[in-house]
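Student: What follows is the residue order along each chain.
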Amino acid sequence: DGGITQSPKYLFRKEGQNVTLSCEQNLNHDAMYWYRQDPGQGLRLIYYSQIVNDFQKGDIAEGYSVSREKKESFPLTVTSAQKNPTAFYLCASSVNIRTEAFFGQGTRLTVV
Amino acid sequence: ELKVEQNPLFLSMQEGKNYTIYCNYSTTSDRLYWYRQDPGKSLESLFVLLSNGAVKQEGRLMASLDTKARLSTLHITAAVHDLSATYFCAVEVSGYALNFGKGTSLLVTP
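Residue numbers (the working numbering), protein chains in the order written: chain A, 1 to 112; chain B, 1 to 110.
Don't read these hints as lab results, they were simulated from the structure. Since this is a predicted model, take the numbers as computed values, not measurements. Warning: the hint list may mix true and false statements.
To be verified - Computed list of lysine to aspartate or glutamate pairs in EDC-like fashion (alpha-carbon distance at most 16 Å, straight line):
(1) B:Lys41 / A:Asp38
(2) B:Lys102 / B:Glu5
(3) A:Lys83 / A:Glu24
(4) B:Lys102 / A:Glu62
(5) B:Lys41 / B:Asp82
(6) B:Lys102 / A:Asp54
(7) B:Lys3 / A:Glu15
(8) A:Lys70 / A:Glu100
(9) B:Lys102 / B:Asp38
(10) A:Lys71 / A:Asp38
(11) A:Lys83 / A:Asp54
(12) A:Lys57 / B:Glu1
(13) B:Lys56 / B:Asp30
(14) B:Lys3 / B:Asp30
(15) A:Lys71 / A:Asp59
(16) B:Lys56 / A:Asp54
(17) A:Lys70 / A:Glu15
(18) B:Lys3 / B:Glu15
Claimed, not checked - Covered stretches of chain B (chain A as the covering partner; in silico rule of three or more C-beta atoms under 8 Å from a C-beta of chain A):
(19) 49-60
(20) 76-82
Each residue gets a CB set at the ideal place from its N, CA and C atoms; glycine is no exception.
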């Protein structure tokens, strides 16, 4: 089935550790996105990529890093520099930047 | 900086009643999206509005877009419990990813 797969669904991290969230899509979409959701905050853009080997910072990129080496994959690394990483992370993709975005099921990250 | 404001942020309504959720945005855009999110779940696309005056309807929900007023509405007709969820509008500005409102949490009660 075509879709966007995020893994893991739940992730626990110790303070000071880096963790990587996976996002894979088989929709042949060029654009991919990472959003962070906190209670009552809506979705805030972390990074986005319009094409392979290119990505841009969103509104809250500090403490995060991404790569886009393959069209299908857009992993997000939450670094130790991110002071408050506990949140729900959503990956999305779209045909291009001007078309409807489809979302994965999300990864809930908790710092312990 | 693009701002997307939804109101109300919380809405409790009785089954069978009608209500409208509003989405205002601060800069020119001709593309607006509505999404639904159930608790702990991802976002599900509801409507794509691509031009001024666009109106889309699906069941008890109807969305419209007025690009001149920079306003979109999501109208709920004869609400039922299954519509309880959080509804987000998202605005696309050329060359940039979607900007989301904070969401409207809707609770439909008997």
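Student: Could you tell me which of the hints above the structure violates, numbers in ascending order?
Tutor: Violated hints: 3, 4, 6, 7, 8, 10, 11, 15, 16, 17, 18, 19 and 20; rest satisfied.
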